Structure formats: structure tokens, C-alpha cells
Amino acid sequence: MGRDAAPGVVCPLSGRGMPFLNRRSRIFLKMETLQPSGSFKSRGIGHYLLRRVEELASHIANPHIFCSSGGNAGLAAVHASRTLGLPCTVVVPSTVKQLMVTKIRTAGAYQVLQHGDAWADADKFMREHLMPQAGEAAIYAPPFDHPDIWAGNSTLMYEIAAQMPPSAPADIVVCSVGGGGLLNGVAMALDDLQLAASTTVVGVETAGAESLAAAVRAGQLVTLPRITSQATSLGCAQVTQMTLDVAQRATFRGVVLPDAEAAMGCWRLADDERVMVELACGVNVALCYDGRLEKALGRPVRPDERVVIVLCGGSNVTVDMLAEWRKEYAYLEQPLRSSPERESRQQDQKEDVYEPAVPERAPVRPQWPGVEEVLQLEAKL
Amino acid sequence: MTAPEQQPKLPCPWRETPLILSSILSKHARCQIYLKLENLQPSGSFKSRGIGNFLLSHLQSADAEQRDKTHFYSSSGGNAGLACVHAAVTLGVPATIVVPMTTTQYTIDKMRAAGAADVLQEGASWYECDQYLRETVIPRAKDAGEIPVYVPPFDAEEIWDGHGTLVEEVIAQMPSGQKPDAILCSVGGGGLFCGIIRGLKKAGLDATPVLAVETEGAHSLALSLEKGELSTLPAITSIATTLGARTVAPQAFAYGQRPSVKSVVLTDKDAIEGCVRFADDERIMVEAACGVSLSLCYGNKLRQYLSDLTEKSRVVVVVCGGSNITAEMLAKWTRGPRQ
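Protein sequence lines correspond, in order, to chains R and X.
So in full-length UniProt numbering, spot 40 of the first sequence is number 40, and the numbers just go up one at a time.
So in full-length UniProt numbering, spot 189 of the second sequence is number 189, and the numbers just go up one at a time.
Worth flagging that the hints you see were computed from the coordinates, not collected in a lab.
A quick note: this is a predicted structure, and the numbers were derived from the prediction, not measured.
Note that the Cβ used here is the ideal one computed from N, Cα and C, for glycine as well.
Hints should not be assumed to be uniformly reliable.
[What the hints assert, rightly or not] Under the rule of at most 27 Å between Cα atoms (straight-line distance), these lysine-lysine pairs were calculated in the DSS-like manner:
1) R/327 - X/110
2) X/262 - X/312
3) X/301 - X/262
4) X/179 - X/301
5) X/27 - R/97
6) X/27 - X/301
7) X/301 - X/332
8) X/202 - X/9
9) X/179 - X/262
10) R/97 - X/332
11) R/327 - X/332
12) X/262 - X/201
[Stated by the list, open to error] Chain X stretches covered by chain R per the calculated footprint, using a threshold of three residues with CB under 8 Å from any CB of chain R:
13) 23–29
14) 37–47
15) 272–280
16) 323–332
[Unchecked claim] A few chain R residues that don't get close to chain X, going by computed Cβ distances all over 10 Å:
17) 94
18) 161
19) 169
20) 216
21) 248
22) 249
23) 251
24) 331
Start from the sequences and build out the full structure, keeping to the hints where you can.
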């Protein structure tokens, strides 16, 4: 694929009329989980890199991308770079999970280095020691804070507008807020489409990463002293100025939910749609249950209202993590346990769990060839 | 048959689904793996196409008065039944599902939540409940002035042609007009398989290799091919119960004998591995019937069946989807037998 290939894809809008809000309202999921890198970040970072490559002086033959995100931004940078046929180096702090480091390597990073205890250390090391080696050919990929990234993200809102029937546009758009890159993109598109006045935007954060809510309370940008939410993808200490401006509009509603409810959103989405997302995304889905959206809006959701959730995606989730969350936050489901419907469902789910006839010595998952082994095998080819 | 100008403009009960290139599975399989995401169909599986087309064809060949009286009936408590309900709701007609006593309340609730007109329970097994549907429920409906239509789970041309629409889409979606070098699909009764063969024929791509994948214990196609005649499994012993047709459709047996088709039989353990690894790699949960096809992408198994495979080969895997999977099942499968 050449340099003109778009690093993001058009994602389906899946309208299931999911009954968990109320039986009559329509919930739509914008399936950004299907982006090449697994999250909406393919759009923004992809667009940003396209612009930077276009701007490069013509004598630079071999641009090299550099990214200091060990999360979905790093993954998006690697995927986009590969689509453009360019190498991408990722430098992350030692605190980044091995799961993500492996995913970034598998995606085709030129190299992944771990340096320092915090993002700032990794970023500094990359800028001061690695990028100078590439000289003019070095292109820095920020995780969210650039208008070209927001413009790339905004394509998803244009798609939503095109995918909804013209007579029935989205009334409410729900998206997560980390640094605000996604929210900025959504707002830019709504403004351009002249839908801003008629569309309520709900920006959702997790407690312990609520940099936007803190800024709104203070009336100005603030820096959170630390991130304590497990939804680390939302773990940005300060949002952008544009994000604060958007949050101060009359059509905006901010919501902060605890990690436990984000986890609940993740396992309910898995139960109902058989799609797995990380905490930063599950927190949006949680809004659809138990009146949380109504609480956020301060009014009931009308039966004819169309709610679009940006299912932002994200790779920081596995089958085991989902099971852990369900165990850790089981108390959330307890009040419902006494309902006969819930009991019957739990009863039936036990029956649904089939005991596979695996032989006694069946190897457990770690013995199946992991990606590391595949990479080793590849190295021998 | 009504004349074309009288045919009603009915909504389509299935959707076009994305075809995505999976970089992780491509790395494991050492070729280009394209995933056709049928899990995104309204009913959660590819059956939305075939069953949807079956219902659609019936309604299109009926006049307005007949359409008003049409009531669809299915004896599938699985993906076919769900597809029937979803399609009927989209088309604005009633659908009733009859299920055996062994069907869980959870499944029945899901059918009702999807909009089934009614869900009846009768019979100890599928055979008895199907008999009850044909011999009691449908005649009763006819007497009541309805036009009841029995919806088979896989053995009808309209169903195969519905499933075949996925081939048209794949060809249009492949990058730069390239053609797939192979297609992988799971085989239960063979409806999907027939649809793919017919779709390839229609597109002039008869020679495209098709891997027809089954689990051991539900390998009705492989059994028939081995015996050289349409044969019946004594029982279904695989956990991939949605592949559990003891005899494949005769047309599937016929297509299965083509030189471009390779029959693949894998184990339940392979199917489980496919489900678990796919969930962790692509974050999509599929049932064992689907996991078995995906498992071919791991552990360099593909080359055993496609000897010409290179790193550039484009292999399309039909991610058929299916509702018979939960996070609990997957978690149990990752832990293995020692818990």
C-alpha cells in the first residue's frame, strides 16, 4: 500500500435497538473497534502522519516515525506507519504492560524500547536521544494534542451523520474523554455540519482520570496531580483548551463514573454484543444501564431519541481481564441478584456453560505458541 | 409470482458486513488473512442472510393480502431461529419459534426480546419439537386463517442464495480488485458452504479453493465424503452444537466432491483455541462452530491444506458469528481443566 492509502477505515454503525436502555429507544454503536489498530485513534494519528509526510521536504527519502505512547496511540502510529510503508519506533516507560508492548511489536514496530518510569521520561529520551539520530527524517507522533489529530478523529462524526437516516439524525452522541482529542473531533464535525445546536454531546470520564471535570469545576485548565483510574487510556493529566471550551457549551453533559461501572459496561457489552473493549470504552456503554444516561442528561430519554455511542475500542483487554473485572466488581450486580429474571438467567447461564471434553493433560493457554515464539520463528526465516 | 412492478419495496433483513485485514492472524498464518465479519449481522450470525432471503423471497412472491396473513415458523432454538425472528421483525411480519424442552429460559427470553410473536416449548429433543411444529402448530395456524410458512434451518435454495451474497461483497471489498486465493468456512448442515460455492460460481470464480471446516463429532460432510454417499452420523458428540446436523444437505455433499473443495476436520480443542485466541487477538467473541475455522489461522495449519500458500496469499475466513458464547465460557476455556 502506498502513501496515499488512508490509514483509517469507515466503520459500521450498528443499530441494535438494544433493550437495556428502554425497550423503545434506539442505541447505535459506532464500531471503532474495527479500525486497523483496534481503536478510533487510527483516524486521528493516521491523518496526522499523512499530513506530516506530505509536508516533508522532497529530498527526505526515508521518514521515520517516533511515538512515545504505550497505548492505543502507539498502536495506531505503528499501524498507520506500516500502511504508509514507513518505519515506526515506539518508546514507552517501564510501567507499560507486556500485553501492550507485545501488541505494538506484533503490529510491526521498527523497534519498541522501554525507558524510565513515567511517560515524560520516555518521551524526553525519545526526543533527545533517538529522534536526533534520524535528523530531518524524524516525524514525532503526539498521542492526541494536535489539530490534525482532531481533524482525523472528526471523520467518524461525519460518517455517523451520513450513516443515520437524513430524517432521523443522532440526538445524543456519547464519547470518552482522555485528553479530549476524540471530543474535539466530534465537536468540529458537528460545528461544520451545523448540527451542534441540535445534538447533545455526553463526554464520559472515569473517576481518577477526570481532568475535564476538574477543569470545568475550576473554570480553567488544571493538571491532575496523579492518575488513579485503571482506565489508563483516559489517563491524561490535562485536557486541551478546545476540550474545555466544548465542555462549557449548553449542549454538553459531562459524566464521571468509577472504574467499577466502566468494567460493568465492558462485561455487559461482551454479554450483549460479543465484543470486548477496554475500560476507557466500556465506561460509555455503562451509561446505557440503570438510568445512568437519564441521570447525566437530567431528564428521561425519549422513546424516539437516537443515541450514538462512539465505541472507541482499545486493545487493553483480554478474556482473563474481563473475568477478573466481573469478579472484582461483582458487588455491582448484587442488588439485581434477587430479581427472578436475573436468577433464572444466572441459572440458565450455568447450564449454558458447556464442559468441554478436553483430555486430562490438555495444555493451558500459555503453552500455545505465543506471539513471541512466532516472532522468533520469523527471525529464522 | 407477482409481476416485478407489483413487488413491494421491503427492507433487507441482512447488512453488508466489513471485510478487515487482520494483521495479528496474518502474522500467525503467514499469509494475508481477511475476516468477513458476519458476527455483525442483526441476528449475530451469517444466518441473517440466508434465512432473511428465505423470508424475503416468500413475501416478494405474495400479494398484499397474502403478506398480511403470512406467519413464519421455525423449530430452531439457535442461530437460525434468532435469524428468523430478527428478519421477520425487520419485514414487519410475525415469527413463532418452537423449541424443545431442553432449551434454556435464557434462549427463550432472547427470542422474545428480539420480537418473536411467540415461543412455544414442546418435545424432548429437536426431532419431536420439529414434528410438533409441522403436524400440530402449522395445521392449526392454517385453520385459523393464517398462511404459515415453515422456515428450514439450512436446506433450501433461497437460503443458500442469501448466504451467497457474502461472496459478492467479499469480491467487491477485496483491495485493488484482487481475488481471494482461498475461502474458509465452517460446515454444519452445509447451508453456508452451499451459498459460498454458488456465490463463487456466480462470480466466475469456480476454481477458488474452499476449505470446508468441521469439528470431529459433527463431521457429517467429511463422513459422507469418506463413504462416497450421503451418510448420517450416529450422534453429535462435538461441543460445537450449532454444527450439529447429523446429515448434511444433499447439495452440500454434491458440492463437497468438487476438486476445489477440501474437507477439514479439527477437534473441539482446536475450536476452543480458535475462540479464545481470536477473542484476545481481535476482541470479538464467537462460538465454537466459528472458532474452528479461525483456529486454522494459528499454528501454521493452513499450509497442510493449501500447499501453494505464500506470504502474499489472500485467505478469506468467514467469521460466521453465533450466539452460543459467553465471557464465562471463554474464561473457563482459558483456565483449562484445572480450576
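Hint-by-hint comparison with the structure:
Proximity of residue 327 of chain R to residue 110 of chain X is assessed by CA-CA distance (about 25 Å); at most 27 Å being required, the pair is judged to hold. A hinted pair counts as satisfied when its Cα atoms are at most 27 Å apart, and residue 262 of chain X with residue 312 of chain X qualifies at roughly 21 Å. Proposed proximity of residue 301 of chain X and residue 262 of chain X is supported: the alpha carbons are some 14 Å apart, at most 27 Å. Distance hint between residue 179 of chain X and residue 301 of chain X is fulfilled; the C-alpha atoms sit about 22 Å from each other, no more than 27 Å.
Using a Cα cut-off of 27 Å, the hinted pair residue 27 of chain X and residue 97 of chain R holds, with the two alpha carbons roughly 21 Å apart. As the CA atoms of residue 27 of chain X and residue 301 of chain X are separated by approximately 13 Å, the hinted pair is consistent with the 27 Å bound. The hinted pair formed by residue 301 of chain X and residue 332 of chain X meets the criterion: a straight-line CA distance of about 25 Å does not exceed 27 Å. About 25 Å separates the Cα atoms of residue 202 of chain X and residue 9 of chain X, which keeps this hinted pair within 27 Å; it holds.
Among the hinted pairs, residue 179 of chain X with residue 262 of chain X is consistent with the structure: their alpha-carbon atoms are about 19 Å apart, no more than 27 Å. The suggested pairing of residue 97 of chain R with residue 332 of chain X holds, with an alpha-carbon distance near 23 Å, which does not exceed 27 Å. Among the hinted pairs, residue 327 of chain R with residue 332 of chain X is consistent with the structure: their alpha-carbon atoms are about 13 Å apart, no more than 27 Å. With a C-alpha separation of about 17 Å, the suggested pairing of residue 262 of chain X with residue 201 of chain X holds against the 27 Å cut-off.
Residue count for the segment 23–29 of chain X with a Cβ under 8 Å from a Cβ of chain R: 4. That meets the three needed, and the coverage hint holds. For a cut-off of 8 Å, the count of residues in the segment 37–47 of chain X with a CB near a CB of chain R stands at 5, and the three-residue condition holds. Counting residues of the segment 272–280 of chain X whose CB lies closer than 8 Å to any CB of chain R gives 6, so the stated coverage by that chain holds, three being the minimum. Under a criterion of three residues with beta carbons nearer than 8 Å to beta carbons of chain R, the stated coverage of the segment 323–332 of chain X is upheld, 10 such residues being counted.
For residue 94 of chain R, the requirement that its beta carbon stay farther than 10 Å from each beta carbon of chain X is met, with the minimum near 23 Å. Against the 10 Å criterion, residue 161 of chain R stays outside the reach of chain X, whose nearest CB is about 19 Å from its own CB. Every C-beta of chain X lies more than 10 Å from that of residue 169 of chain R, the closest at about 20 Å, which supports listing it as non-interface. For residue 216 of chain R, the shortest C-beta to C-beta distance to chain X comes to about 32 Å, beyond the 10 Å cut-off, and the non-interface label holds.
Non-interface call for residue 248 of chain R relative to chain X: holds, since the shortest CB-CB distance, roughly 35 Å, exceeds 10 Å. No beta-carbon of chain X is positioned within 10 Å of the beta-carbon of residue 249 of chain R; the least distance is around 33 Å. With a least CB separation of 31 Å from chain X, residue 251 of chain R remains clear of the 10 Å interface cut-off, as annotated. For residue 331 of chain R, the shortest C-beta to C-beta distance to chain X comes to about 18 Å, beyond the 10 Å cut-off, and the non-interface label holds.
Checked against the numbered hints listed earlier, the structure breaks none of them; every hint is satisfied.
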